[in-house]
Amino acid sequence: MKLLEYEAKNIFVEYGIPTSTGYVIEDVENLKAILYKLGLPVILKAQVLVGGRGKAGGIKIAKTEEEAMEKAKDILNMEIKGLPVKKLLVCKPSEIKKELYVGYVVDRNKKKMVMLASTEGGIDIEQVAEKTPEKIIKLYIDPIIGIQDYECRSVAKKLGYEGKDMLSLAAIIYKLGRIMEDKDAELIEINPLAITSEGFEALDAKLVIDDNSLFRQKEFEVDLKESQEFTEIEKAAKEAGLAYVELDGDIGIIGCGAGLVMASLDVVNHYGGKPANFLDIGGGANADNMKKALDIITMKEGLKAIFINIFGGITKCDEIAKGILEYKPKVPVFVRMMGTNEDEAKRILNSAGYELYQSMQEAAEAAVGGN
Amino acid sequence: MSILVDDSTRIVVQGATGHQGQFHSNRMKQYGTKIVGGVTPGKGGQTMGDIPIFDSVDEVEADASIIFVPARFVKSSALEAISLGLSPVVCITEHVPVRDAMFMMEYAKQHDVDIVGPNTPGLISPGKALAGILPPHIFKEGNVGLVSRSGTLTYEIIDELTKNGYGQSTAIGVGGDPVIGMDFLSTLERFEADKETKAIVMIGEIGGNAEELAAEYIKEYISKPVVSYIAGKTAPPGKRMGHAGAVISGNSGTAESKIKALNAVGVQVATMPQEVPDILRNLL
Chain Z
-1 MKLLEYEAKN IFVEYGIPTS TGYVIEDVEN LKAILYKLGL PVILKAQVLV GGRGKAGGIK
59 IAKTEEEAME KAKDILNMEI KGLPVKKLLV CKPSEIKKEL YVGYVVDRNK KKMVMLASTE
119 GGIDIEQVAE KTPEKIIKLY IDPIIGIQDY ECRSVAKKLG YEGKDMLSLA AIIYKLGRIM
179 EDKDAELIEI NPLAITSEGF EALDAKLVID DNSLFRQKEF EVDLKESQEF TEIEKAAKEA
239 GLAYVELDGD IGIIGCGAGL VMASLDVVNH YGGKPANFLD IGGGANADNM KKALDIITMK
299 EGLKAIFINI FGGITKCDEI AKGILEYKPK VPVFVRMMGT NEDEAKRILN SAGYELYQSM
359 QEAAEAAVGG N
Chain Y
23 MSILVDDSTR IVVQGATGHQ GQFHSNRMKQ YGTKIVGGVT PGKGGQTMGD IPIFDSVDEV
83 EADASIIFVP ARFVKSSALE AISLGLSPVV CITEHVPVRD AMFMMEYAKQ HDVDIVGPNT
143 PGLISPGKAL AGILPPHIFK EGNVGLVSRS GTLTYEIIDE LTKNGYGQST AIGVGGDPVI
203 GMDFLSTLER FEADKETKAI VMIGEIGGNA EELAAEYIKE YISKPVVSYI AGKTAPPGKR
263 MGHAGAVISG NSGTAESKIK ALNAVGVQVA TMPQEVPDIL RNLL
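Each protein sequence line maps, in turn, to chains Z and Y. So in the numbering used here, the last one in the first sequence is 369, and the numbering has no gaps at all. So in the numbering used here, the last one in the second sequence is 306, and the numbering has no gaps at all.
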């Protein structure tokens, strides 16, 4: 689960990481009062869950009250990469002397969390990693012991800091690591970590919480309806407990198991079709799950055909067949099914006029061709 | 021969009395797997069919464990099995927090224990033992070792292999999560060392760079023919495709990069699942 910048900054404050939290507004009603408190100029930052806000015009400086009102209105009316801007962060700009990068991610191969730090902050860290890997300092964290402050001091020294500055920087690196551990984050990032006349300051904040940990990270549980991370159909699918991703084509896809559904998309694509979605009903799905899956994928307009691909292991084909029968199709449905209780499924579907395909290739080709 | 489990491996089922645990304990036992007991704290002394139930893992003589407990209890269950040196510890449970997974993997490394999963269908050494939820009837004894990040896609390809006469030494699902125990590298190493395995099928998917690392490893250390299939060629960046680990971030984790790396070391990658046996036929 991704957090907005201001939400992540609030957690920084909780841990004592220096940052400017400013004020969050949803309309310009209270902006004048905020400007009075902050003084001018101010920086206006769109709160959206996509990268590249700055380039898209979602971050603006305003020097006068009129300018602030006008730009705030503009940003609140914007859409960035398809997501409407619902919230705006207003803060005091800082006088930046230098920009650093500090972050933690999960290293899949080492099976540990890794801290990344660089004196090259303010730009995309992936680019730094690609072009000048020597400028990135890495520290792997022992998953049993956890992050230790002495390790952070050594990182701060390697970044070129001494004395008090070294200690302040080490403290920030340590606290960031503690947030990563305490809050079950899968990614945390300060980019840039600025050096201003007042010391270090986190100018931006990125924090992604591991969805699988929400049972013990209750503070991050949100009402799905409020979530800005998903489209309406994705929300409906989440409510039904189905893994759904909206795509831009016109052939609806339902399958069991993530790998098989991905392969189904690829095969449809191979025959020249464009999948409208990814939908995994999971293992052991029943008739009701199947019916819901059909309801969800058909929420998307303009479907030409539906391709259902089931390899029944723990999933029983006859259950899936019953679910299909409850659906009154407006578009042709192509079903490939094999595995557990396949014969019964065949009997059910044949009697309702459906033909059952044996191979996924044949079914995908038929769905693309529309016959 | 086979890898990780065979007909002599004594397996304990942690979380045996739950809905899934019960169904699969019985199915594994029916297949001929040595299921020596189930563990459900508080239900010790009961029996489930002819499987005795214990309160803790140390009450039963076992070599390996399979875990079906809910995600929030997985870490503790895994540590219990690891501390006793059981290996492999097969973790079927999905949705395990990644911090717990990292902790388990480190502890397992210290105890020289193999973990399979989490979020895995498990593994099968056909004709010998089933330590997982894979549908056993589609498998057949033979010489192909199969390693995969996906469950149902594995079944799809196994079905093609079996229909075409290629049985399997061991088939293992390593799991769809970002942090897993046995991975492509450690599994490839076992298949290379296993005399019965004559060829290897590796099924990958988008996300991470396990396939790229496997390509480098194959070039250096694997003498047996390897055939691959990669799912997710048409997946969009930034979206998790069902598996927690199946996500393209920025330019990393694309199917294209994986296929390129594998082709560069001479591994043929099937365009569609059904092509795997044809490619194998040309190599053997």
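FYI, nobody ran anything at the bench for these hints, they're computed from the structure. Incorrect hints may have been included.
One-sided excerpt, in silico: chain Z residues whose CB lies under 10 Å from chain Y [what the hints assert, rightly or not]:
| id | residue |
| --- | --- |
| 1 | SER211 |
| 2 | GLY282 |
| 3 | MET297 |
| 4 | LEU301 |
Glycine included, C-beta positions come from ideal geometry on N, C-alpha and C.
How about MET297 (chain Z): closest beta carbon in chain Y under 10 Å, or not? violated, 17 Å
Any CB of chain Y closer than 10 Å to the CB of SER211 (chain Z)? With a minimum Cβ separation of about 4 Å from chain Y (threshold 10 Å), the hint on SER211 (chain Z) holds.
Does LEU301 (chain Z) pass the interface check with chain Y, least Cβ-Cβ distance below 10 Å? Since chain Y brings no Cβ nearer than about 17 Å to LEU301 (chain Z), farther than 10 Å, the hint is violated.
Would the hint on GLY282 (chain Z) be counted as holding, given a Cβ-Cβ threshold of 10 Å to chain Y? holds, 8 Å
When held up to the earlier numbered hints, the structure conflicts with 3, 4 and fits the remainder.
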